[in-house]
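*Asks:* What follows is each chain in one-letter form.
Protein chains: 2
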Amino acid sequence: MSSSLHEEMLQIARQAKLASRALALLTTPEKNLCLEAMASALLENAAKIKEANARDMVAATQAGLSTAMLDRLRLDDKRIENMARALGEVEQLPDPVGRILDERVRPNGLRLQKIATPIGVVVIIYESRPNVTADAASLCFKSGNATILRGGREALYSNSVISTVMVAAARAALPKFPEHAIQVVQTTDRDAIRELLSLTLYVDLCMPRGGEGLIRAVTDCSKVPVIKHYKGVCHVYVDCAADLEMASRIVMNAKVQRPAVCNAMETLLVHEAVAGKFLPGVAALLAASKVAIHADSAATAILQPSFAGTLSPASEQDWSTEYNDYEMNVKVVSGLREAADHINNYGSGHSDAIITGDDASAKKFLAEVDSAAVYWNASTRFTDGGEFGMGAEIGISTDKIGARGPMGLEELTTYKWMGFGDGQIRS
Amino acid sequence: MSSSLHEEMLQIARQAKLASRALALLTTPEKNLCLEAMASALLENAAKIKEANARDMVAATQAGLSTAMLDRLRLDDKRIENMARALGEVEQLPDPVGRILDERVRPNGLRLQKIATPIGVVVIIYESRPNVTADAASLCFKSGNATILRGGREALYSNSVISTVMVAAARAALPKFPEHAIQVVQTTDRDAIRELLSLTLYVDLCMPRGGEGLIRAVTDCSKVPVIKHYKGVCHVYVDCAADLEMASRIVMNAKVQRPAVCNAMETLLVHEAVAGKFLPGVAALLAASKVAIHADSAATAILQPSFAGTLSPASEQDWSTEYNDYEMNVKVVSGLREAADHINNYGSGHSDAIITGDDASAKKFLAEVDSAAVYWNASTRFTDGGEFGMGAEIGISTDKIGARGPMGLEELTTYKWMGFGDGQIRS
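Those sequence lines, one after another, are chains A and B.
Per this note's numbering, residue 1 is the first one in the first sequence, and the count goes up by one each step.
Per this note's numbering, residue 1 is the first one in the second sequence, and the count goes up by one each step.
Treat the hints with care, as some may be off.
Identical copies carry no separate label here, and so any pair may be met within one copy or between two of them.
[To be verified] The list that follows gives simulated cross-link-like pairs (lysine-lysine, PhoX-like), each with its CA atoms no further than 20 Å apart:
#, residue 1, residue 2
1, Lys50, Lys78
2, Lys176, Lys364
3, Lys78, Lys48
4, Lys17, Lys364
5, Lys176, Lys17
6, Lys223, Lys17
7, Lys114, Lys363
8, Lys114, Lys364
These are computed hints drawn from the structure, not numbers from a lab.
Chain A extracted, bound-state conformation (with noise of 0.2 Å):
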């Protein structure tokens, strides 16, 4: 590793800690008027915008990334214009600073309370869509975080353009706005991201976005806390109690609505007693929409007389692949305790679901699986920072020490606990 990289990446830290003591003593109204000022900036700036990104566009267009690639890389109107939206948003959400999460009175008079505060530096890790880059660096800022942000190498300029007029903005309408507040690695170098994930000194977080091999990577090299998911496979487990209109209602919904996201249901397990009735018909309804079935022997000796789309086995591999397409897996489960073994023993810890009229079926369900979001009678797709009522959403934790679930603004805070006394002394 060079040792002008570490320079460069010790440099970019320790601004970005120095900023975060700023970010973290302002006011709720001062943020807010930054981020007003953020979003008319980005609507003002558009053409440098798209100027940058069309730069973006060509190196990527001659380097020969996929359409699906260069569609997320291109900037619009329309997405900068939506850009913008989503800092007027976050503008409007509560400010997750400062709450009391707890408080108490000791018997020697001692006031604790225990107060939400900003993490301090965080490093975003993400992919090619520029758009991460507002997104990110404006939850992070409301929260009082500064952002160091690493986006994928083929969107290096966009990326920097949007985060200089962000921060230009922000400091014409706010002076003491902390120009480290939001920082863009500027070296491809693939070393760079070791080398900021090892300096524990300054940087507290780093939350990576995308596939899995990048976030493995990430989470492989890291010396600072990782918060992650590497995979959404997800279940919906329809039980011998449930209402089966119901249950092939929220399976469609689960798999098709949007195959290509975490939260969407991968395989579907049903209690043999009702695997008969159950399966055929749902099985129909997904071969209309083009989802191909890998299932089990006992899934595929009731389907196949009469499917008439794509069935095949499924391999051990297969229950903890995430397809994120019109793919999925079927198994017939001789009850709930097989049902929830197999969810801990091949999911991600993500999203899964129980359909079933039976009380206490549910809440062994809701208990024994070991998820971020367990569901009863209700869609895995839920899972959402946006449909869980946190507003924006940053990420989506599947890990158990800091946030899990869907991290919103709440999620990107820490707390201290803020003594208060009148000289007390510890005898």
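Go by the hints and put chain B onto chain A.
*Replies:* This is chain B only, laid out in the frame that chain A set:
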């Protein structure tokens, strides 16, 4: 790394994960029944425990351990009674699992509950005191976690017997108590920790307790989240608006009441406007308690004429030193700004106090000092699970992701989101 070591750690971790699933489902009365049985069994098996401890003591004496280390290692009837009593206290504490941390009903009728759950598998790494085995295991158990204990090699027989006695008692009282709920790592291979802390699929958290060297070594090699504090470099800042009599009492308490603990004061910062008036008196009291002082030049100039104790110039390194002894630093600062900067730069983010009669200064200090616990007119010595009303404490965290400050039972839990629907799908 030997593959047999890998296999051994893998087996322990897998067993712990399976046990954790069963533990998560135990009711509060079931857990309390086990804790009561464990406490009784420690008393009933005192002879057996002392026998194992004697074996450890012989080996430790032969290995040339210091008198202080030998004293930590020693178990006698009194210490075994204390262990049993501590288990009884954990039994009395409220169960942290199942608390409803948040609840909301969405416009579509979906009810969401954020529920406290066990973390899963917790590894505790510690040094010589065998009582930590019972303390840590009981706190992890009450919070529904499986524990893997790795104590000092010198205490292996003692730790093993304590854990065996506890598990056997719990199983006799509650047959479904999972036998791998509490495990002691039997190998003394140094690589065991690295191996164990690479098993991210099974281990959810590591909490090292002990000296800074141990904690840094664990943190450096761990792939699982670590919650810890490296050291406690705590400050008291005596403001220009301080009640100097109160300041003197708090400084004495923070330094002298128990200097060897992490929440004891290491550095006294004094506002220049009151330094001349305050320092000679408090320094005389400190000198009477045999406290050696490392002072900056301004403090030295004030103290030199009259000070009867040990006075030397403070080096750059002294400002970040945890003396854990009758030794401390004194610095004169120009005001709150310099005090807060000094604390944020040289402190350990543990516990820091301001003594002042001025509201605005106090609030500024509490906001700006980025530490787990910040005090206004109270001693730093209060950072402690017992003093915070948490009951027993498993450690203190200066981290920001996960628990911060004293860690009791609630801090040994995470949460999951439960969604209660009646057929909701996402549109």
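*Asks:* A separate judgement is required for each hint: does it hold in the structure or not?
*Replies:* Each hint, compared with the structure:
1. In this homomeric assembly, Lys50 and Lys78 come within 20 Å of each other (Cα to Cα) only inside a single copy, at 11 Å, whereas the closest approach across copies is 75 Å.
2. For a Cα distance limit of 20 Å, the shortest separation of Lys176 from Lys364 across copies, 17 Å, qualifies, whereas the shortest one inside one copy, 53 Å, does not.
3. Only within a single protomer do Lys78 and Lys48 lie at most 20 Å apart by alpha-carbon distance; the minimum there is 15 Å, versus 76 Å between protomers.
4. Taking the closest pair of Cα atoms, Lys17 and Lys364 come within 20 Å of each other only across two copies (18 Å); inside a single copy the shortest separation is 45 Å, beyond that limit.
5. For the identical chains of this complex, Lys176 and Lys17 are intra-copy neighbours only, at 15 Å inside a copy versus 50 Å across copies, given an alpha-carbon limit of 20 Å.
6. Taking the closest pair of Cα atoms, Lys223 and Lys17 come within 20 Å of each other only inside a single copy of the chain (17 Å); across copies the shortest separation is 25 Å, beyond that limit.
7. Taking the closest pair of Cα atoms, Lys114 and Lys363 come within 20 Å of each other only across two copies (14 Å); inside a single copy the shortest separation is 32 Å, beyond that limit.
8. For a Cα distance limit of 20 Å, the shortest separation of Lys114 from Lys364 across copies, 16 Å, qualifies, whereas the shortest one inside one copy, 33 Å, does not.
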